[in-house]
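If you read the sequence shown in my numbering, its first letter stands for residue 246, the second for the next number, and so on.
Please note that a few of the clues may not be correct.
[What the hints assert, rightly or not] Only pairs whose alpha carbons sit at most 25 Å apart, straight line, appear in this in silico DSS-like list of lysine-lysine:
1) 362 x 349
2) 349 x 430
3) 435 x 344
4) 345 x 435
5) 362 x 344
6) 430 x 567
7) 430 x 345
8) 514 x 472
9) 567 x 435
10) 355 x 435
Note that these hints are calculated values from the structure, not bench results.
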Amino acid sequence: MLAGMKVDMEQEQQQQQQHVIVESQEVEKIEEVKPQKTKRVASLDIFRGLTVALMILVDDAGGEWPMIGHAPWNGCNLADFVMPFFLFIVGMAIALALKKIPEKLVAIRKVILRTLKLLFWGILLQGGYFHDLDKLKFGVDMNRIRWCGILQRIALAYLVVAIIEITTRQAQAKELPTGWFSIFKLYCWKWVIGACVLVVYLATLYGTYVPDWNFVVQNPDSLDFGKTLTVTCNVRGHLDPPCNAVGYVDRQVLGINHMYPRPAWKRSKACTKSSPYEGPFRADAPSWCWAPFEPEGILSSISAILSTVLGVHFGHVLIHMKDHSSRLLHWVGMGIALLVLGIILHFTDAIPLNKQLYTVSYVCVTSGAAALVFSAFYILVDILNWKYLFLPLEWIGMNAMLVYVMAAAEIFSGFINGWYYEDPHNTLIYWIKKHIFIGVWHSTRVGTLL
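Can you build the whole structure from these sequences, using the hints too?
Next up, the structure:
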């Protein structure tokens, strides 16, 4: 009888164990089906916030401080890092965001919708102009609408790289095999396509014949206002302001009326004695000083895709490499390599640093700098946990589009200067400039930083 009771107890225990196993399996299935919430990468948000803040700074103070404004042609100033930093960050965000969307069609639909939003805001903000800022009259002249711009370039790079990421991805392993080049092998197709983009850009840049071209002077300050001037070229492979293939492609495809009318080259030594500041043109200034040029043009935007491809790679490192030391070793090592390569190309006169043309050396230097800046934020925020020091930048980074639109439309400055006492000039900003920067420091240049 005792033996029977013992057998019954053993059977009951086995049934309970089987029941527990079944329940645990069901829970595991539910957890697999349930979408997992992924934490935002705070260091990436802070890096994005810093880039937006830099954009606002150089837009407001670049004219008074040439070293932070865009380089007139060859070279790389602080403002010239803003666009490639944006594209690098977009690439990292693509890698992190698309891994959460396993269905390809759903991912493609989201990418297309986001691209259309970027194009809409880009054309709205940079396609037209304010007729009268005091009355906030905004208009778009369809005969002179600017099709290209900052957000349009970001939209193109985002669309191309995101589609590549979606269509070439496979069931990637969560853990990488050991070895420096294993992650390159895992995503080899992205590098193949990136190499194709590079070949197309270089072949067009150096292989396109640029003939003479004409334009009508639109600047009323010019003595030649309304006249048609001719720029003499008849060259191939030149990288100077008037006769490069980047400008030629834009003139042929976009039309000269739809290009940016105030390019940075107007501050070059060939155009003005005030270089690197803006100033009246020289009496012997060449005709192209008055010509338009699109700094976010078609061919240069093709090259800009490479900045986003490199950003995606750094995002893949963040996903697949699980320990801090491996990530930082890869990021810092690749960042230094890109910087050194770009500097060598520039100072050997092989390929100059040039933001307007978005040259290969410019891609290398700015992407290398982006890698090192992000690595620094990663150490400070994700390893040392000093996130509280950068809370304002994190908020800007998490609301980058809102801040960008408000800054581009001058809503920030309009709101701040809209509060005054009796006279519109009696604002807090005006008072600080007058009584501190001018009255005490005798400097109007520092006041522009406000």
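Do the hints match the structure? See the list:
1. 362 x 349: holds (20 Å)
2. 349 x 430: Holds - the C-alpha atoms of residue 430 and residue 349 are around 22 Å apart, at most 25 Å.
3. 435 x 344: holds (15 Å)
4. 345 x 435: holds (19 Å)
5. 362 x 344: holds (22 Å)
6. 430 x 567: Holds: residue 430 and residue 567 sit about 18 Å apart, inside 25 Å.
7. 430 x 345: holds (22 Å)
8. 514 x 472: It holds: about 24 Å lies between the C-alpha atoms, which stays within 25 Å.
9. 567 x 435: holds (22 Å)
10. 355 x 435: The given pair, whose Cα atoms are some 20 Å apart, holds under the 25 Å limit.
Figure legend: structure checked against the earlier numbered hints; every hint is met.
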